[in-house]
Amino acid sequence: MDCNYYRALFSAFVDDELDEQEARNFKAHILKCKDCGERFKAFRRAQDLLLLLERKEAPPQLWERIEEGITRKEEPAYTFFQMLGDPSEPLGRRRELALIRLPVYRTGISFG
Amino acid sequence: MKDGVDLELIQRCKEDDHSAFEKLFYLCKDSVYNIALRFTGNRQDAEDLTQEAFIKIYFGLKNFRMESSFSTWVYRITANLCFDFLRRRAKRAAVEGPLEELREVPARGGDPLFLLTQKELASKVEEAFEALTPDERLVLTLRVIERLPYKDIADILDCSIGAAKMRVHRAREAFRKRISSYLKEE
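Here the protein sequences line up with chains A and B, keeping their order. At position 19 of the first sequence the residue is numbered 19 (our numbering), and the sequence of numbers has no breaks. At position 107 of the second sequence the residue is numbered 1107 (our numbering), and the sequence of numbers has no breaks.
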């Protein structure tokens, strides 16, 4: 196995993903090969530095924005009386409009 | 994700219980936010994406099958929104020209070789991380910050476990090169 093979295993070794034999072979190569040893040291150091990345806290006030977003989508686009239409319009026309608006009123989802 | 996201809480959320969803928000917000923040590198965009993610989660819960992993589902929604965000931004840049906030890679040299304080080191690490590609930042966030197993990462990214491991490995290598450059080790 050449150096490229073992360098491709750096991550797997750090993650403890190698089986016992593979890990043994890996360690043996790293100890024997100066170049791979140096590279692995640098790789390991960089992974330790990654652990300095902080896990940030989401601002709690985001909840108000989310709640508003959810409520806005849940409200129907038409009120009940809007769905019934303008009393001055002919009844046939109002019936047509009510049928069109009913799915929007009930689900808040508009297909138009 | 914090403990406490149990089936009962999810069921209540599926029944439009807003107070249950608020509890769910507080249990999951940091996981979602960190993915968004580390991906975009920008707090404002991260907050917008987090908001979008939770609204999507709320309405998507109705179709969520309880036998799937809830956390993986949430991470996947967040990751997909991040990639959508990137595509929108790329489209905008193509139309409007390069964004002013394009990241600059700091020039090598300049810093004397002295022992950095922990705070300075952490700052260099942040800089090096932000200089990675969005995909590299995403996979490292999932693996290193969120500490997810490779199986979950593969589910979230919709790829094989082998592919997930390769992406993490490449991202780690990319970070090593960046941080070495920043610390003048190369």
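Please note that the accuracy of each hint is not assured.
To be verified - DSS-like, lysine-lysine: derived pairs with alpha carbons at most 25 angstroms apart:
#, chain 1, residue 1, chain 2, residue 2
1, B, K1014, B, K1056
2, B, K1177, A, K27
3, B, K1023, B, K1056
4, B, K1091, B, K1014
5, B, K1119, B, K1151
6, B, K1165, B, K1119
7, B, K1062, B, K1124
8, A, K56, B, K1124
9, A, K41, B, K1014
10, B, K1119, A, K41
11, A, K27, B, K1119
12, B, K1165, B, K1177
13, A, K41, B, K1023
14, B, K1151, B, K1165
15, A, K41, A, K27
16, A, K56, B, K1023
17, B, K1177, A, K32
18, B, K1062, A, K34
19, B, K1151, B, K1056
20, B, K1119, A, K56
21, A, K41, B, K1062
22, A, K56, B, K1056
23, B, K1124, B, K1177
Claimed, not checked - Here are a few chain B residues that sit away from chain A, every Cβ distance over 10 angstroms (derived from the structure):
#, residue
24, D1030
25, A1122
26, I1145
27, L1157
The hints are simulated quantities; they were obtained by calculation from the structure and are not laboratory data. Computed from a predicted model, the values in this text were never measured in an experiment. Ideal Cβ placement from N, Cα and C applies to all residues, glycine included.
Hint-by-hint comparison with the structure:
A threshold of 25 angstroms between alpha carbons decides the hint, and for B/K1014 with B/K1056 the separation of about 13 angstroms falls inside it, so the pair holds. Distance hint between B/K1177 and A/K27 is fulfilled; the C-alpha atoms sit about 23 angstroms from each other, no more than 25 angstroms. A C-alpha spacing of about 16 angstroms is found between B/K1023 and B/K1056, which places the hinted pair at or below 25 angstroms, so the restraint holds. The hinted pair formed by B/K1091 and B/K1014 fails the criterion: a straight-line CA distance of about 35 angstroms is larger than 25 angstroms.
Taking the CA atoms of B/K1119 and B/K1151, the gap is near 34 angstroms; set against the 25 angstroms cutoff, the hint is violated. Restraint check for B/K1165 and B/K1119: the C-alpha separation of about 30 angstroms exceeds 25 angstroms, so the hint is violated. A C-alpha spacing of about 44 angstroms is found between B/K1062 and B/K1124, which places the hinted pair above 25 angstroms, so the restraint is violated. Annotation: proposed proximity of A/K56 to B/K1124 holds, straight-line Cα distance about 17 angstroms (limit 25 angstroms).
For the given pair, A/K41 sits about 49 angstroms from B/K1014 by alpha-carbon distance, which is inconsistent with the 25 angstroms threshold. Restraint check for B/K1119 and A/K41: satisfied, since their Cα atoms lie roughly 23 angstroms apart, inside the 25 angstroms limit. For the hint linking A/K27 to B/K1119, the alpha-carbon distance of about 33 angstroms lies beyond 25 angstroms, and the restraint is violated. Restraint check: the Cα-Cα separation between B/K1165 and B/K1177 comes to about 18 angstroms, which is no more than 25 angstroms; the hinted pair holds.
Distance restraint check for A/K41 and B/K1023: the Cα-Cα separation of roughly 44 angstroms exceeds the 25 angstroms cut-off, and the hinted pair is therefore not satisfied. For the hint pairing B/K1151 with B/K1165, the CA-to-CA distance comes to about 9 angstroms; that is within 25 angstroms, so the pair holds. A hinted pair counts as satisfied when its Cα atoms are at most 25 angstroms apart, and A/K41 with A/K27 qualifies at roughly 12 angstroms. As the CA atoms of A/K56 and B/K1023 are separated by approximately 19 angstroms, the hinted pair is consistent with the 25 angstroms bound.
Restraint check: the Cα-Cα separation between B/K1177 and A/K32 comes to about 24 angstroms, which is no more than 25 angstroms; the hinted pair holds. Restraint check for B/K1062 and A/K34: not satisfied, since their Cα atoms lie roughly 57 angstroms apart, outside the 25 angstroms limit. A threshold of 25 angstroms between alpha carbons decides the hint, and for B/K1151 with B/K1056 the separation of about 24 angstroms falls inside it, so the pair holds. Under the criterion of a C-alpha separation no larger than 25 angstroms, the hint pairing B/K1119 with A/K56 is consistent with the structure, at around 16 angstroms.
Distance check on the hinted pair: A/K41 and B/K1062 sit about 49 angstroms apart at the alpha-carbon level, beyond 25 angstroms; violated. Taken as a hint, the A/K56 and B/K1056 pair is honoured in the structure, with Cα atoms around 22 angstroms apart against an allowance of 25 angstroms. For the suggested pair B/K1124 and B/K1177, the alpha carbons sit about 13 angstroms apart, so the restraint of at most 25 angstroms is met. With 10 angstroms as the threshold on Cβ separation, the claim that B/D1030 sits away from chain A is violated: the shortest Cβ distance comes to roughly 5 angstroms.
Listed as outside the interface, B/A1122 is inconsistent with that label: its C-beta sits roughly 5 angstroms from the nearest C-beta of chain A, within the 10 angstroms cut-off. The claim that B/I1145 is not at the interface with chain A is violated, since a C-beta of that chain comes within 10 angstroms of its own (minimum 5 angstroms). For B/L1157, the non-interface assignment is confirmed: its Cβ lies about 16 angstroms from the closest Cβ of chain A, beyond the 10 angstroms cut-off.
Checked against the numbered hints given earlier, this structure breaks hints 4, 5, 6, 7, 9, 11, 13, 18, 21, 24, 25 and 26; the rest are met.
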